[in-house]
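Each chain is listed here by its residues.
2 protein chains.
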Amino acid sequence: MNEENNIILPEPTLRRLPWYLAYVEILKANGVENVSSTQISRALSVDASQIAKDLSFLNIRGKTRIGYEVGALIEALSDFLGFTRSHKAYVIGTGSLGKALIRDSGLSNYGLEIVAGFDVNPDIIARTDLGVPIYHLDRIYEVMESNPASIGILTVPAQSAQECADTAIGAGIKAIWNFSPYRVKVAEGVVMANTSIYAHLALIFNRLEERHSRN
Amino acid sequence: MNEENNIILPEPTLRRLPWYLAYVEILKANGVENVSSTQISRALSVDASQIAKDLSFLNIRGKTRIGYEVGALIEALSDFLGFTRSHKAYVIGTGSLGKALIRDSGLSNYGLEIVAGFDVNPDIIARTDLGVPIYHLDRIYEVMESNPASIGILTVPAQSAQECADTAIGAGIKAIWNFSPYRVKVAEGVVMANTSIYAHLALIFNRLEERHSRN
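Respectively, the protein sequence lines represent chains C and G.
Going letter by letter, the first sequence gives residues 48 to 262 in this note's numbering.
Going letter by letter, the second sequence gives residues 48 to 262 in this note's numbering.
It cannot be assumed that every hint is accurate.
A pair holds if it fits inside one copy or across any two, identical chains being indistinguishable in the list.
Said to hold, decoys possible - Under the rule of at most 16 Å between Cα atoms (straight-line distance), these lysine to aspartate or glutamate pairs were calculated in the EDC-like manner:
1) Lys75 - Glu122
2) Lys232 - Asp213
3) Lys221 - Glu257
4) Lys135 - Glu256
5) Lys135 - Asp151
6) Lys221 - Glu256
7) Lys221 - Glu235
8) Lys232 - Glu210
9) Lys100 - Glu58
10) Lys232 - Asp94
11) Lys75 - Glu116
12) Lys221 - Glu192
13) Lys110 - Glu80
Just so you know, these hints were derived from the structure itself, not from any lab.
Throw the hints in and build the complete structure from the sequences for me.
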């Protein structure tokens, strides 16, 4: 673990840093060698002083009039964001979204290593074609001994979300990544991130319908 | 379209309303008939006055000491959020996440009807087992005539995100739901929602590593 990761970064910074990374990765693929905050600013419509401030958390310095070396910036960002270190995770709820996350090899390029899935449906548990073992949720304590993980990815229906999160945390899971529409509560000290698919749908529908009603 | 949808709701309200919906749906499944804002407040750790304010946007009134009728509240929330009306969408990029969204029947219960997929990979385009037709992205203009949609779900790699979004908008797509790590720019008037999977990963990793370094 790098020393620079021992600080709690503000959420907006953590939201912007992956944008910068995606952008400089594209530059690298196009053979570009250096990039300035001004250039990132123009491409992503983020204030250049904000970019400089965000990048000041990293152990990297740009050069006057040249900017950052693209390869070094990618390395610094990936490392700083934790994408270069493996973080083991369980997928809890192996319906269509859970299965997709298990199969999505892209996530492993970003440091997320899904090592097992859990479900309560015997038909799914019997599957062996997902590349990782799928267990009944009752066995999570035992699997935590033999094949431990720190992150629980919650892809269960709303009505099971709180109970499944409690079970996972009881077994030793330290962070819950909640994809269910239910607002799961966790004890202080447990890391919680909500990916609110339904809230985003609601936002899109509202803006589309409002726009339509204006026309 | 309902008259109450002709207002732009604040984003935080649009984030909270689906939580209330998920919670009251669980109450209904458990045979509960009435619910008060105080009860929702305790269950979801949201301030009761905030809940009353959020629900005031809806065309529903609670009764003193009884609260809201659960069935009516579910109906009002689903309708208000647009989940009861069909909104047609294309999935652009039918890799593992794109395929999962096409297969995820859950989204159609929330008003999202995926009517076609687009890709540039001939192997994927030839697939017929996804339940909707998959076309080459070059054909989006033509498909927009025969099988139109208003929402483009962007599940392509970062380096293709801007170009695919531009193509979709050029063909008549009114809203982009971006799952790629790239910060896509759209013209004013086009609805944009970002589901920042990589930012959430970065948040989880940072909080876990910070916590670990403290112990």
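Cross-check of the supplied hints:
1. Taking the closest pair of Cα atoms, Lys75 and Glu122 come within 16 Å of each other only inside a single copy of the chain (12 Å); across copies the shortest separation is 50 Å, beyond that limit.
2. For the homomeric pair Lys232 and Asp213, the shortest alpha-carbon distance inside one copy (9 Å) is at most 16 Å, but the shortest distance between copies (40 Å) is not.
3. Only between protomers do Lys221 and Glu257 lie at most 16 Å apart by alpha-carbon distance; the minimum there is 12 Å, versus 41 Å within a single protomer.
4. When the C-alpha separation of Lys135 and Glu256 is checked against a cutoff of 16 Å, the pair qualifies only between copies, where the shortest distance is 13 Å, while the shortest distance within a copy is 41 Å.
5. In this assembly of identical chains, the alpha carbons of Lys135 and Asp151 lie at most 16 Å apart only when taken from the same copy (15 Å versus 25 Å across copies).
6. Within a single copy, Lys221 and Glu256 get their C-alpha atoms only as close as 40 Å, which misses the 16 Å cut-off; across copies the closest is 11 Å, which meets it.
7. In this assembly of identical chains, the alpha carbons of Lys221 and Glu235 lie at most 16 Å apart only when taken from the same copy (11 Å versus 41 Å across copies).
8. For the homomeric pair Lys232 and Glu210, the shortest alpha-carbon distance inside one copy (10 Å) is at most 16 Å, but the shortest distance between copies (40 Å) is not.
9. Taking the shortest Cα distances, Lys100 and Glu58 sit within 16 Å of each other inside one copy (14 Å), while across copies they are farther apart (26 Å).
10. In this assembly of identical chains, the alpha carbons of Lys232 and Asp94 lie at most 16 Å apart only when taken from different copies (15 Å versus 35 Å within one copy).
11. In this assembly of identical chains, Lys75 and Glu116 lie within 16 Å of each other by CA distance solely inside one copy; the values are 10 Å within and 57 Å between copies.
12. In the homo-oligomer, the alpha carbons of Lys221 and Glu192 lie at most 16 Å apart inside one protomer (15 Å), although the nearest pairing across protomers, at 50 Å, exceeds that limit.
13. Taking identical chains as interchangeable, the C-alpha atoms of Lys110 and Glu80 lie at most 16 Å apart only when both belong to the same chain, with a minimum of 13 Å there against 65 Å between chains.
The structure shown violates none of the earlier numbered hints.
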